[in-house]
Amino acid sequence: MTLLLDIDALHVDIPLAAGVLRAVQEVSLHVQRGETVCLVGESGCGKSLTALAVMDLLPARSVRRAERLALEGEELQRLSGRRMADLRGRRMAMIFQEPMTSLNPCYTIGNQLQETLRRHRPVSRHAARERAVFLLEKVGITAAGSRLRQYPHQLSGGLRQRVMIAMSLMCDPALMIADEPTTALDVTIQAQILSLLSSLQAEFGMGMILITHDLGIVARIAHRVAVMYCGRVVETGSAGEIFRHPLHPYTQGLLACLPVPGKTRPGKHLGSISGMVPTPIGNIGGCMFRNRCPHAVDDCIGGSIPLREISAGRAYRCLLSPESCLAKRAAWS
Amino acid sequence: MEHPLIQIRDVTKTYRVGTGLLRGKRDLKAVNGVTLGVAKGEVFGLVGESGCGKTTAAKLILGLEQPTSGEILYHQRPTASIPRRELARCVQPVFQDPYASLNPRKSVASIISLPLRVHRVGAKAEWPQRVAEIMAVVGLPPRLAGSYPNQLSGGQRQRVAVARALIMHPDVVVCDEPTSALDVSVQAQILNLLLDLRAELGLTYLLISHNLSVVEHMASRVAVMYLGRIVEESPTADLFRSPRHPYTRALLDSVLTPEPEKGLPETHLGIAYPNPIAPPPGCTFHPRCPHAREICRRQPPPATDGDRRVECHFPLQ
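Top line first, the protein sequences correspond to chains A and B. Residue numbers for the first sequence follow my numbering, so the first one is 1 and each next one is one higher. Residue numbers for the second sequence follow my numbering, so the first one is 1 and each next one is one higher.
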C-alpha cells in the first residue's frame, strides 16, 4: 500500500458578516491506494468542504490552509490554477450527490464523457468514444453505443449516476471522491451503485473517499472511517472498530439514533442526541460536542482537546479514557 | 378488521400525461386498484420506490385528489360525500420537506394557528393559548412563536409542521416521508415525538417512507407498493421475518444496516424501474423478478385475502 492522499491539519475558514466560520478545523486524513475511507457526519459538519478543499473547488472567499495537502507526493497548495485543472479529472475525480445538476443538460452524455478524456490526453475522437463505450458497459449500462447520443434528461436517476461514475473513470484517476453518491437514489438502486463503486475501486486500484451521512453505507463499504462533528474529526478507526466499539460520545449517540431491524425494539424510544449543533463562528475552544454530551464536565470547556491516538489509525477526541468511554456507552440506550 | 377507520376500496387514480410533442396523451395509472384498511390507533406503513404511487395514495386519503374509480370510506362514509373542511379537520398531513412546506413569510404562531382560522374554531382570543399548548406538546420553546421558518433548524421546522397538523385534534395524520430530509439525530427526535403523540392523543398514522428501518420501528402493519399496486400487506413483524413477495424480499435485502461484517447486498433487481405509462403485461414485477416463469409474463397474479395479502403467482415460503 502506498500513500495516495496525505492531508495534515487542514483548515477551511469562511469569512462571514458575523465573524469567521471555522468550517473545517485541523482535519488530517490519509488515503492509501485501494482503500475506501468514509467521512461521516451530519449536515454542516464540514465533510463536503473537506472534499472540495482537496479538489480546490471551495467557494470563493473561503480560505484553505494546511500543514500538508499532497496527492501522490505532490503538494497541492503550491500548484497554479492551470496545473490544478490538469490534475482535476485526471488524477482525482469527484462524483456529486445529484446527477441531474452535475451533468450538462445541453450536451449528449457521449459528448460529456469524451470531453473529459480529450481535455487531458491527446487522443482521437474515435479512441475517446471507444473508452466511453467501454466504461459505460463497465458501469452496467446496456446498449452503450446508442446511449452516447442521449441527453441526461432521457436517463433515469440511477443511470445518470452510472454515467457520472463512468465519466469520473475516463482518465483512470488515482483518487475518487464520492460526495453522497446515492442519497438521491432509491434503496434498491443504492445497493447496486455502491457495489459497483466498490468493485470498480478494487479493479482499478483507486483510493476512494466516500462522504455520507448514512451510517449503514459506511458500515458496509468503508475500510476506514472518520467521524466528523462541527468541522473536526472526532473519531477515526476501521469500520469494525467504529461500529463495535465506538469511543466518542457523539459516535455512540449517532449509532443509538438508528432504528435497526432486529436490534432496536419496535415502537420504543430511539436514543437521541438532545440540543443542536453549534455554529463554529469565531474562536470556540474546548469540545464542540459538550453542550449535547451527557458526560460533559467543566474541563470540556477550556483549551483545545487533542485527537488522542490509541493505536495506528485509531484515534478519538475526548477527555475521557478509552475504557470509561466504552463503559459510558450504555447512557445512550 | 371489523370497521376500519379508513377504508380504501379498489381505488384507481389515472392521470393524463403528455408523452411528447405531437404524440398525444396517455393514461398513467398512479394508483391501480388499491384496497386497504387502516384501523383506529394503528400506524400503517406504506413503502415502495419513488414513482410507485405512495404520495398519490396519500393525496387521495387527504381528499386533495379524487379517485378516478373506487371509493375511500372514512368512518364508513365515502369521502366524496364529506365536505372538504370536515375531512380536513379529521385527516391532516405532515410533509417531507419542512423547508418547502412552511410559508417563509409567516411567523411560527401564524403557521400553527392557520387551521384554527380556516375552520373558525373557538374565539379569536383563545387562539394564542391553543398555539402555546400545542407548541409545548411538540416540544417547541414558547420564545419561537414569533420566529420565522428560516430562523429554525430542520428538526424545529418539522415540529412546527407536526404542531400545525395536530392543532385541530385530527384522528388521522398522514406522514409523507416525515424524516427523510432530516439528519439521523434529528430523525430519532421526530420519530420519538410521533410515537409519544400517538400514545397521548390516540392518533392513527399513515406513515409513508422509503426507509424500511423507520417503518419497521414505527408501524404495526405494512403495505408494499409497486407500480401503483399493493403487492404485499401484512403485520410488520411477519413481513420483516418472512417476506412473501420477491419484491419485498429485494427491498429488505437492500436495507443497509450498520453491521460492518455483512458487506454490500446483491438484490438481483436489474437496473430499470419500469415506465409507469407502459407497465409490463402480466405481473408488473416480472421483468425484475428472479423467480419469474411463463405465467408471470401473461397473467396478472390473483389478489389474496386475509391478514397476510400477497400478489404473486409463486409467493416465497
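Don't read these hints as lab results, they were simulated from the structure. Heads up, some of the hints might be wrong.
Claimed, not checked - Listed below are several chain A residues computed to face chain B (Cβ distance under 10 Å; list not exhaustive):
#1 V123
#2 S124
#3 L194
Said to hold, decoys possible - Rough simulated footprint, nothing fancy, chain B against chain A, three-plus residues with beta-carbon under 8 Å:
#4 95–109
#5 206–218
Nothing here was measured: the structure is a model prediction, and the numbers come from that model. Beta carbons: idealized from backbone N, C-alpha and C, even for Gly.
Here is how each hint holds up against the structure:
no.	hint	result
1	V123	violated (29 Å)
2	S124	violated (31 Å)
3	L194	holds (5 Å)
4	95–109	violated (count 0)
5	206–218	holds (count 6)
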